[in-house]
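Chemist: Quick mapping for you: the protein sequence lines, in order, are chains A and B.
Mapping of the first sequence onto our numbering: position 402 corresponds to residue 402, and the numbering continues sequentially without gaps.
Mapping of the second sequence onto our numbering: position 126 corresponds to residue 126, and the numbering continues sequentially without gaps.
No lab work stands behind these hints, which were simulated from the structure alone.
Check the hints yourself; a few may be wrong.
[Claimed, not checked] Derived DSSO-like pairs (lysine-lysine); straight-line CA-CA distance at most 27 Å: (1) Lys229/B <-> Lys56/A; (2) Lys188/A <-> Lys228/B; (3) Lys144/B <-> Lys56/A.
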Amino acid sequence: MRTIEITSEEREKAFSTVKKPEVIEKQKLDVRYHVEDYEVRDRPRRFLEAFAAILKHTNYRFALEHFVRVSAKCSRCSVQCPVYQVTGDPKDIPCYRSELLLSIYRRHFTLAGSLQGRITGKGAINDAIIEEMAESFWNCTACRRCTLECPVGIDHALITHLGRFILSEIGIAPRALVVSTREQLEGKTGNTSAIPVPALVDTLEFLEEDMEEEKGVEIKFPLDREGAEFLFTPAVSDFLMEADTLMGIAAVFTATGGSWTISTNYYDAINYGLFYSDRILERVIRKLYSESVRLKTDSILIGECGHASRSAKYYVPVHCGGENAKPVYNIMEYTYRMLQEGKLKLDPGIITEVVTYHDPCNIARQGWIVDRPREIIKTFCKNFVEMSPNREENICCGGGGGTVSIDEIRPYRTTVGGKAKADQIRATGAKYLIAPCANCKKQLRELVEDQGIDCEVVGLHDLIYKVIVFDKAHKKVTSEKEG
Amino acid sequence: METLLDFARGPLFRLTFIIMILGLLRVLILDIYGAVEAYRRAGDKRLDWKNAIIKTLRWIFPFKSAFAQRPFYSALSILFHIGLILTPLFLLAHIQLWEDGIGISWWSLPHFWADFLTILTIIAGLGLITGRLASRGARALSRKQDYFWLFILLIPFITGYICANTAISPSAYQAFMLIHILAGELIFVLIPFSKIAHCVLMPISQFIITLAWKFPARVDDKIAETLKKKGMPV
Chain A
1 MRTIEITSEE
11 REKAFSTVKK
21 PEVIEKQKLD
31 VRYHVEDYEV
41 RDRPRRFLEA
51 FAAILKHTNY
61 RFALEHFVRV
71 SAKCSRCSVQ
81 CPVYQVTGDP
91 KDIPCYRSEL
101 LLSIYRRHFT
111 LAGSLQGRIT
121 GKGAINDAII
131 EEMAESFWNC
141 TACRRCTLEC
151 PVGIDHALIT
161 HLGRFILSEI
171 GIAPRALVVS
181 TREQLEGKTG
191 NTSAIPVPAL
201 VDTLEFLEED
211 MEEEKGVEIK
221 FPLDREGAEF
231 LFTPAVSDFL
241 MEADTLMGIA
251 AVFTATGGSW
261 TISTNYYDAI
271 NYGLFYSDRI
281 LERVIRKLYS
291 ESVRLKTDSI
301 LIGECGHASR
311 SAKYYVPVHC
321 GGENAKPVYN
331 IMEYTYRMLQ
341 EGKLKLDPGI
351 ITEVVTYHDP
361 CNIARQGWIV
371 DRPREIIKTF
381 CKNFVEMSPN
391 REENICCGGG
401 GGTVSIDEIR
411 PYRTTVGGKA
421 KADQIRATGA
431 KYLIAPCANC
441 KKQLRELVED
451 QGIDCEVVGL
461 HDLIYKVIVF
471 DKAHKKVTSE
481 KEG
Chain B
1 METLLDFARG
11 PLFRLTFIIM
21 ILGLLRVLIL
31 DIYGAVEAYR
41 RAGDKRLDWK
51 NAIIKTLRWI
61 FPFKSAFAQR
71 PFYSALSILF
81 HIGLILTPLF
91 LLAHIQLWED
101 GIGISWWSLP
111 HFWADFLTIL
121 TIIAGLGLIT
131 GRLASRGARA
141 LSRKQDYFWL
151 FILLIPFITG
161 YICANTAISP
171 SAYQAFMLIH
181 ILAGELIFVL
191 IPFSKIAHCV
201 LMPISQFIIT
211 LAWKFPARVD
221 DKIAETLKKK
231 GMPV
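Chain A with its partners taken away, still in its complex shape:
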């Protein structure tokens, strides 16, 4: 049952592809996203080898065993999937997508399944199934809403996560993500946006001058300060695209006297591994953690970014020493704490427009950060409207699961993936849409543009920058300096 209508024109646009037929032919892969050239021969065998290797060394097997046993195919998940609600294509039902991988698991990795397969001669993996998975697993935005709705408790997002991981091991992963990760782990600049250190330093100095001019207060981005409390790492793209967010964060630290630092050795919290490969996830986490060890910071603080926060919060402990690992926080946790402690003052008279808040899936779905941003917003904003549903049940921006970084599928993201979100935003009539996540921001800006919604997408700290109140002591420092 489809509940969200799009026009046939939109549909055509969403499913069009920019890829050349000869590339599709050569790579034997009819998907909308670009893939780097890879070995196309013998894909099924290599897929099974990768699957087996992953099962051997990871924890997926017990979960798959469980899912295979309980899956009841009740189709409840279909009502929660924003993608299926738009396409109405049964192939987009989360449970259908999961079955692609579960049936291969059953057929090739369980005794009963392989016996049955040998008798009936059916169900073995082949090129067509691999191609279907390559398309299906990347139609999903990994928002995990379906998991909330499954009565028997199947985590479809975990299956999609694993499916993408296996595919990446045979060379099938969106080029945009792979190229960025390569630069981050092996490139000269060591970050996904390939920003060299001089450019970073220049940008930050420029922002510091700007802030001093605007606020009359000396606000600094402390670089490479050993022993600081927080190693601050945003999604590196913030240095290019989200100056206001960074200024807001610097302003909060200045006003509250927080001890923080940005490392010029490594300044990128983006972790595309969460979207396509546990091996990459692990390497990026270890790189981030070793930087905090090198600078002897007490903890790691992630900027306004959902996936970066989730991957660091949950996988720093996994790979860097369990409960003894340094804690990881999201910037909103810090700002909220400062507000509670009375160290942060926000002016409630400046923002009079209607404001709404978008919950990034990666920090909201498990109930981690849902109330704190709302508490912060309500202190300075009288006209706050909720979208519905919200919090743990929020609707994805439509660019989740790394798909926002795949520019060639923008029409798909803004007409299919983000359609439900667009309707939600429109219903609020908000002037400001707060989205404390680099990925959500990029997607939502494209979404409001493509859908013709009159609304400005901002980060939470963008608005905090506008309303923050500095006490006289801070102003004095500056005037003395000028004097």
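On the provided structure of chain A, position chain B as indicated by the hints.
Modeler: Coordinates of chain B only, in the frame set by chain A:
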């Protein structure tokens, strides 16, 4: 006929019931063993138990969670489950069999309510079959066994109702009773090997998926080595 009935009610019942119990224990133990192994390998052993418990309870008693979406379908499904669980357990005739067999007995449903639940279960089951057939999405998902289960589960209810409430000839009664018992026993045998195993596995699902996201530490090198990719660029 009489001997056949006695056989079905006696030894065959005991055998199939034991198969069901042992089979369910097997999958439960395998599942828990897998979870314990996974926990042992997990790089971070702190689990959000509280959240898992809340979610589990919310789905065992789904009166709130289920109705937010597709209320009619949810109502059918919940009624169906209530009927499936309560009717066989609390039917007076069944309890008497237990009492005759091993001397234990418990509270029974009044006749009227037993009939009411039986009819409700049958209607709900037919509704679920219709729902599966009518929705394009559900049809695409459904395997043969998904229809088979709805069908086979209704047989004991229909035949049981006929035996308890209609004036039919003794030989017809015996025939229906035999079908009733054999269908029930077929269900017993198949439960542990099918999706109905969720009757014991569903309560641990939320713990499994909480744990499943806790990966083992440092597997990059091991996977790379197995796949002979060690040292290869991204």
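Chemist: Could you tell me which of the hints above the structure violates, numbers in ascending order?
Modeler: 3
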